[in-house]
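Construct the entire structure; sequences and hints are all you get.
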Amino acid sequence: MQNNNSHSYIPHAITFFAGASYGFTTVIVGQPLDTIKTRMQGLSSKYSNKMFQVASDLFQREGIRGLYRGGLPLFLGGSLMRSAQFGVSSEAKSFLSRYPSYKIAGVLDYQVL
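Residues in the sequence shown are numbered from 57 upward in steps of one, following the numbering used here.
The hints are simulated quantities; they were obtained by calculation from the structure and are not laboratory data.
Here the structure is a predicted model, which is why all the values come from computation and not from measurement.
Quick reminder that beta carbons are idealized off the backbone N, C-alpha and C, glycines included.
Be aware that a few hints might be false.
To be verified - So the derived label-pair ranges between C-beta atoms look like this:
(1) Asp113 / Ser64: 48 to 56 Å
(2) Gly98 / Leu152: 46 to 54 Å
(3) Asp113 / Asp165: 27 to 35 Å
The structure is reproduced here in structure tokens:
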């Protein structure tokens, strides 16, 4: 007879991976835009409305690494935070699904709150 608890970590691993992927995607998409925005904030007002020029100059001078400078801590922190967020959400949903739904004041379902 096989023990069914041997594979109980798989749903948690999937949830962790989904959260880490979300954190990774957030950095991949958002970090270059945030770097460009930060560079533009340090420029005089005559250059502050030329986002593509700032991006082009940054890429020519520093390459792809310049666009993602400072992204590693954001990736690690974001991945861990989103993994925890997904895990807690999954466990809360699982916990609440075991109990019947009750309406608060006949209108609000506590599971939605």
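- Find the hints from earlier in the document that the structure breaks and name them by number, from lowest to highest. 3
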